[in-house]
Amino acid sequence: MSRAIALIILLLFCCSRAEMTDSPLHSVHKEHEKIFSDSLFPSGAAVPMPISSGRLSHIVYGFIPYWEREYRCPDWRLVSRVAYFSCTLNRLGQITGCRHFRESPAIDSAKAAGVKIDVCVTLFSESDINALLSTPAFRRRCVSEIIDTMIAFGANGVNIDFEFPGYGYGGYFLDFAREFRESLDARAYDAWLSVDLPAVDWRSTFWTDSLRNFFDAFFVMCYGYHWRTSPSTGPIDPLDDPTEFYDIAYSIYHYKTQSGAPGKIILGLPLYGYDWACNDSIRGASTIGAGTAVVYATATARAESIGRLWDDNASSPWYRYRTTTWHQCWFSDSMSLDMRFE
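Oh and the sequence shown: position 107 is 107 in this note's numbering, straight run, nothing missing.
No wet-lab data here; the hints were simulated from the structure.
Here the structure is a predicted model, which means the values were calculated and not measured.
Treat the hints with care, since some could be wrong.
20 Å max Cα-Cα, derived EDC-like pairs, lysine to aspartate or glutamate [claimed, not checked]: (1) Lys116 - Asp190; (2) Lys111 - Asp190; (3) Lys116 - Asp75; (4) Lys256 - Asp190; (5) Lys111 - Asp175; (6) Lys116 - Glu70.
Whole structure, please, built from the sequences with the hints as guidance.
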């Protein structure tokens, strides 16, 4: 079976969905952009990486967010390409900023190692996305400014992260994708294009059976099954969970089947956890307020200290403890990630 796997190599995105009864879409990328603001993690996230065994068998795609711009990768040979998060857009299709792209040691290091670099372009307001996509002049300006920015930065591609178009805007997004590829062809610029897709396409706005003609890869954000303000505790990225309808297995099957292009699917995975105050010690307990994001190194260290638990249904680690109330933290570790890489 042809497939691609994405390894998110940094502290990155969170937010997922388990009981998706009201079908909202939560943008974890937008949420983390607010959390970290203009922060800088000087040493980068400590994430174990396997020993390099030579040629990669899959696409390994990483994101370098601006707050991790000094990340030190142990072995760039394990990475196919990285996207710098992010250059932001407005509703008029104008690039409003690219935080610290030119001052990123991580990008310089990746380039020196021969890793391909993409510019991740973001827009997180539904109304702004709808205005941009439905206005031909805005789309043209957007495509032109993105390509100019990519060339100016010496990048090799673009990652589109629009979270999320409204109902009925799938056709406009398809127009945008077509115009983007046509503009690249007209300028004779061979760029790699990818688009970020939600774990569940609630609004049916990403028509991958047609988008496959314009994008080189579909990055499926398989970390949307429980989220920061989730009403109950549970796994962020359930693998193939018989107690849930929506999980990673569902998301990948949907996009592979719809697109007819399994080789273009990239599995996006989280390296973080959420710690929720809750009313009980069991999975599915009602949360008390919003959860707190916990980075990979912190989550794994706390689990070792407090007592790591394992959920067989979700193939996910977690731990619990009690202060004035119960807390549960669900996260990813090397064991759960290995199972998803298989």
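The hints, checked one at a time:
1. A hinted pair counts as satisfied when its Cα atoms are at most 20 Å apart, and lysine 116 with aspartate 190 qualifies at roughly 13 Å.
2. Pair hint lysine 111 plus aspartate 190 holds up; C-alpha atoms about 17 Å apart against a cutoff of 20 Å.
3. Taking the CA atoms of lysine 116 and aspartate 75, the gap is near 14 Å; set against the 20 Å cutoff, the hint holds.
4. A distance of roughly 25 Å separates the Cα atoms of lysine 256 and aspartate 190; the hinted pair therefore is violated under the 20 Å criterion.
5. The hinted pair formed by lysine 111 and aspartate 175 fails the criterion: a straight-line CA distance of about 32 Å is larger than 20 Å.
6. A distance of roughly 17 Å separates the Cα atoms of lysine 116 and glutamate 70; the hinted pair therefore holds under the 20 Å criterion.
Of the hints listed earlier, those the structure fails to meet are numbers 4 and 5, in rising order.
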